[in-house]
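With the hints as a guide, dock the two chains, each given alone in a separate frame, to form the complex.
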Amino acid sequence: MKTSKKLLAILPALALVAASCGGSDSSSEGSAASVDSAAPAATDAPEEVDQTQAGDLTFHMITHSDDGPFWSVLKRGADAAAADLGVTLVWKPGVNDAQVMVQDIEAAIAEGSDGIAASLPDPDALVGPLQSAVAAGVPVITLNSGSNDYQEIGALTHVGQTEVIAGNGAGERFNAAGAKKILCGQQEQGNVALTERCEGLAETFDGEVVIAFMGLDADTTEQQNTINAALAADTDIDGFMGVGPVITLSGLRAAQDLGRDLTIGGFDLTPELIGEIEAGNIAFTVDQQQYLQGYMPVLLLFLNVTNQNTLGGGLPILTGPGFVTPENAAEILALSEVGTR
Amino acid sequence: MSEQDTPIDTPSAVAATSTVDASNSLAPAADERLLYRSIFQRLFIRPEVGAIIGIVGIWSFFWAVSETFGTVGQTFGWLDTASTVGIMAVAVSMLMIGGEFDLSSGAMTGAMGMLIIYLVKETGELGGRGFPLVIAIPLSLLVALGIGYLNGFVVERTGQPSFIITLGTFFALIGLKLGLAKRFVGQIQIGRTDEAADFDFFRLIFAAEWERNTHELEVRDALYIGFIVAGFGILTLAISELWFKRREKMQPVGLVMFLVGVGVGVGGLLGLHVTDGTAANAALVAVMAIGGFLGLFGWATWRYEPSADRGALSLDSQMRRRLGVGLAAMVLSSIAAVAIDSSSTNQILFPFTTQGVRVILILVFAGIGIGLIAMASQAALSVNAATKFVVTTVFALAIGIVALTVFVDSSDTKFRGSLFGVVLAAAVTVLIWAVLTFRFEERRTGSARADHLGVRLLALGSTLLFVGLAFRMLFITAEELAAGVPPAKTSVRLLWFILFTIAMMWVLARTRFGSWTFAVGGNKEAARQVGVPAARTKTQLFMLVSVAAWFVGLLVAFRINSIQANNGDGQEFIFIIAAVVGGTLLTGGYGTAFGGAIGACILSIPAIGISSARWNTDWRFLIVGVILLLAVVSNKFLRNKAEGIRR
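Residue numbers (the working numbering), protein chains in the order written: chain A, 1 to 341; chain B, 342 to 988.
If you're looking for bench data, these hints aren't it; they were derived computationally from the structure. As the structure is a prediction and not an experimental result, all values here were calculated from the model. It cannot be assumed that every hint is accurate.
Computed cross-link-like contacts, SDA-like style, restricted to lysine to any residue with a CA-CA straight-line distance of at most 20 Å [to be verified]:
1) B:Lys-830 x A:Leu-258
2) B:Lys-523 x A:Asp-66
3) B:Lys-830 x A:Gly-259
4) A:Lys-92 x A:Ser-132
Isolated chain B (complex conformation) (with noise of 0.2 Å):
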């Protein structure tokens, strides 16, 4: 089809990917700097690459064993964790990326907590009404830089280890902490915050909550939806952008079915807002999926050069064998579903009952069947276009049979409901992209005009996904409240950790100081070499390490008020586990601020579901203990992996 389309292109598509092919068969002789790494393997050597992956399991593990961990509440309860331990682990991560390691920093946070407590405390042997905030503060903030500074005026004068310095620094402060506390308070919980005249102001600052119940939006599942819809489109858009070879003319036929699509897709949606009943839904449902495929095709036949060369189906025996072997265990897996009679409800928890035996049959074969399936759609994308397109058909209708055994077989609501959308959801994406990719060239060579636009469509869907999130945790609908939601509250702590992690990524990426702290982690002689003033710059990554937990330290005495003064002591690990886990190095000079907050979560999200699982908390480390395994393994393996596209 495409051929009679487009007469005139073709050849000069033909030449270019022959040429392109030519230059990759020959990669090692090639210049590699040369070679197009396209911006989905780019992301992909990213270090945080394995953390992101381990979240979304390990959130999805506990989602799927406990009723209550995907409700706003909790989402609201790992985050909250995840804050205090994550402003920490953004922090360690860029030091640990320098070279260095604070054994200091889980001390210091309570020390800086008790610190302001002190300041701002009447007591009697420090001699009347204490200072306001307004003064304790940055006077706080002062003895924070001084012992960053001191910790790296130590490490680099004397040239040994961080390791051991910060490990005296540690003792020293918890003893500080016990010995003034006693001093001072006669006791080693000291309290009241509160106390000081301008509280309530830096109240809001540091502590500032935002209580769920109370905010009621008539209009949000509209706006959820809605933004939630958008930002998925965008990114559909985003992706294509990237990853297709634009056309030389636009073909504005396209263009017309796209708005043709987008209407459609829309008029769907405002339809499903405003009716109500199943088969009016589902009706609709698919009214809207027929608007965004059209819309999708349109946009593409709009911009993109259509395939050239599709070939013909080709399976080699080992494919086949796969692809065979692959669907008898779907077939299995959907007898086991249906044969096998389930009464009673979820029971994955106990894998001797019979409910537990199905489960894992079901499971088992499911898996065996998509990964066989898979492995063989990963060997015909170098086929051809057209012996793709089968076997990625295949690959998506295996998908969408897991979908509705999930559909049969669980008497569960939430599997029923969400689990068997996200599946079918998944179905359908690998579908289309099936089709698109059959129909439409793909882009082997960079082109900076469609990754500029693709980058900022990709921002602009994530934002677009994220604010839409945002409306669905911090507002509550009528129907909500009257089904008994219980209480759900964030804190600006959150919005804090956010911005930190923000804050940091950017200076990484696109400061100086950014670079200088790679290239002293990396190799601290060559660095100072070409003139990185090295020891300067490791001094300011241990300030910054003290600055981030004079901050935590602030956030906890605000949040509750009073300090122990073992308050802290031996969370350093957990902020170096949240950063190793994140993908940064313990030998410095490669990692992610990104990652130290993921890995804050992945530390997090455990210790909220285990509690809502009801499991028993016993064996609460051992999951601890196991991630970091699985993280350490995985990122290694997936550096090897970054190492070989990279060359």
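Excised from the complex, chain A in its bound form (with noise of 0.2 Å):
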């Protein structure tokens, strides 16, 4: 079953390298769907291929998204590309499941994508077949996570922002602020992503950083309460970071029950996170932009397919970290009510 998928994926890069070389410019290259109408279409002039062609092109977003908050707006941000260009996009949400990513790979592959972007949340399932799709000859980015990975896939770049600097970041707002020991809370256990935040702020934060788990988003009843005890524990502790905004906001309840003034950072955001960022209860939150990491992508490949451009120099391209401080609250607030921040 496997194998046949790969011949299936083979078939249409051949026909794309025959295409190519049959065409008049390097402007034909692009769709599986462009060989049937390829001839006709290269004979136009060049304003009217590229726009036939950019009609054709479908490029494939393939996530572990669940559909969140967070993703939502990412998914918003790709569509505004593909509307914006022109371009028909797939999105394939993979819900967490690295299974059922390989599988939308595979089957955008054999479709004969015109371009695949996705997010590496499972380097070991996902590098090999994104590999395939690149030796394909369909052209790939990664976003959002796969920072790590995106030069061994062959990815044209990778669109995102790293966790550890987004905890740089933080760290240096907290001196700034003048705190002397934090309480970063997280709201999984065993996140590799949640806990590079955390690093990432002890790197750069000059005093003392406590890791923790903090409860679940499930329950914020029990995550105000835990938060409230490790506060009431230790006095010094003078600063809180939730790395996600629920937790964020449950870190403030807590700290207002105690009557203890403060610092508190946060990730994402929401709404409420914003509104209270604009009361002035919250120091700032963390914004890795997510609506640049689904835009970009299509963008870039669109560029890449359409006139052979590549971004980055091949570093990443960091979406973040942007800050929500008391300052530019208020906009951001209408944006995010918009659905874009």
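This is the structure:
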């Protein structure tokens, strides 16, 4: 089954090679569909060729998206890019299941995708299929997660925010606020990304950082009381960073209950969180600007396919950390309600 | 002595005892329904006994290892955490007693919270201004009842396991939550319950809070100590009423002694309240203790039969060996406490330091000593009153040694003060009990009048203790404020949790629906054949769970004013674990509502406790797992014991 899929994957690539050999100029290479219409199209004016081909271009965005608040903004970015550029975007949310993603990648290659943008939550499972996409001549860009493996795949670039750099940025913010000891609260156990955020914070922060699991988002009551207990047990703590929006608000409530004045920083955006920043209760939140992680891969794939451009010089393109602070909170809130931040 | 006091009663008492003894030895032949079981035996075989022992153990553990865990603020913390989980755990316990599962219960809490916010929210796509809460709340209740009914209906109609059916509902709810949220709000976190016009009124019902630091009560400590002492006193009387055999004719001398004792005790208490200074305090505590003992002894002399046949001290070789080795271990424990130098503070967490080794030595020796002596006294119970008295006294002394070890050993005020006090009180209690059981005849037959009074006194004493604790928890004194006690607050959620638990305990114990629940969970076919509406009962249980989920959803929506779509997902297993820890059987037909509530507390204590102790939180779920395993094993053990007692 698998080998036949791989065979199927190679066929359009062969067709592609044939088409580009026979075509008059570089802009003729593109979708497998263009094989059928390549001959008449190639004789038309170049602008028209581009337009037809753009309309025919199909990009696949295959991610571990759970369609949560984070990913829905990212998808909006990708959709906006597709609409702006006039290409077709196929959105494949893997819901944290690498196996589903592998199948989607193989299917996309088989369908003759013009470009694949994929996230890499599980490099061991996903590097191989994406390498075969590259081998089949399909340009690949990794997004969101995958900064360590995109080069091995042969991807054009990686669009995302490394968690460590985001944490570094947060550490500088806490330094500026004069904090001495920070509790870095996590809402999941054993999540590499969340741990890297805290470790990145510890790298640049001048004081002490306590990293601890503080209860799941599914039970905010427990989360708040657990943070309360941790703060009450250590009166030296004068800063709290939540590595997600819900736990950040839980931290704020716990501090308020205890009557403690903490410097609070958070990760990601929700209207409630931005509202608290506007009110001055939370100092900042780290925004990885995931709209860009949706928009940019589509744009970069388009430019690569239509114009052979590459961006980033082989280095990853960082979309974050952007910061939402009391100064820009109002504008970000408006954008967040539209769903692009 | 007592033979001289009541020469006429003795023969009959002896006769009564000997007949009971005869029936005991002939137990297999006698009708088991006539065999007397004391109220304590009946309490001991209740399903939640393991959980109650567990909560005392785990609370003490975190109290010992953390500076802040025992404070009022953190106590409210774990109670608040237990409240929302507990309401669900109680409802889930009832469903499990009825023989079914509901895996959609967790997702449903979040779904119901979101539903409320939808209904009140001002959203474009829902069309203009949302409903006021007065409409939204009953409307969402109808939806909850509908989902519960659907769960029950499908389970009953298909005859498939509820595990699978509700798994379907679970996924359907998760999808609905996410899909509808994004459809209507464009986000998965929806917020602002307070947009509803009548928010403030309903906030009082679902989220009213009590700030301890703004409620100063000067006489708080007097009320607290008064209620606690009165509560303990009445509990002691209640237990003796249930424990000892009543006289045919009361002894007025005893009544006088009782009143004098109470007078002395109250005098000591009042003196303690007005005076200050360590020496005066110690003297007045001694006065109180003497008054208390005098009162108790007077009460017993007034009401209870003196013991008939005390026998003579007789120790078999095993008991002697155990006592000897046990006492030797106690001595070693004390030597370890005194001989090894302790300069640092509490270091229980570091077993490889000198201090740690010392603590381990003390604990191991004390544990061996107490254990062996306890085993000897267990054996002595069945010899005769005199032997029992002597061995129990030794037992009390052993506990006293532990108290002194704690006192000498610990530089930590918490251990030096609180733990010393508790252990010493335990030693005194055992000693007093040794004297009383030596002096008076234990009851071996049922007595409706004594049980009636005893149970009422038990309830009164517990209520007084509870009220005393409530004063301590809810009010603050000027000294505490001056000392900078951090703010603590509780909310009406805790009250709802307590009320719901009591209501469900009542339903299970006193109503026909409660009996039906046990019947359908035990054996559905048999229940149906004797006329229990099995399908209806089960459907109603599913509806009960979904109504509880609706209520918890409301509590959460009012608490944090916003809900994320994954709120509650996965919590259904926490509810089931809480029910199992509380002694409810997975197979149905056995369990209690109270157990579920205690189970929720047992799960919330480590969550808060680990944070309070500043431990590495990576181990938290290990602790949850160990608790679950221990609970299952010990509940099984206790159940076997219980069946032994029943027989």
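### Task
Would you pick out the hints that fail for this structure and give their numbers low to high?
Result: no hint breaks.
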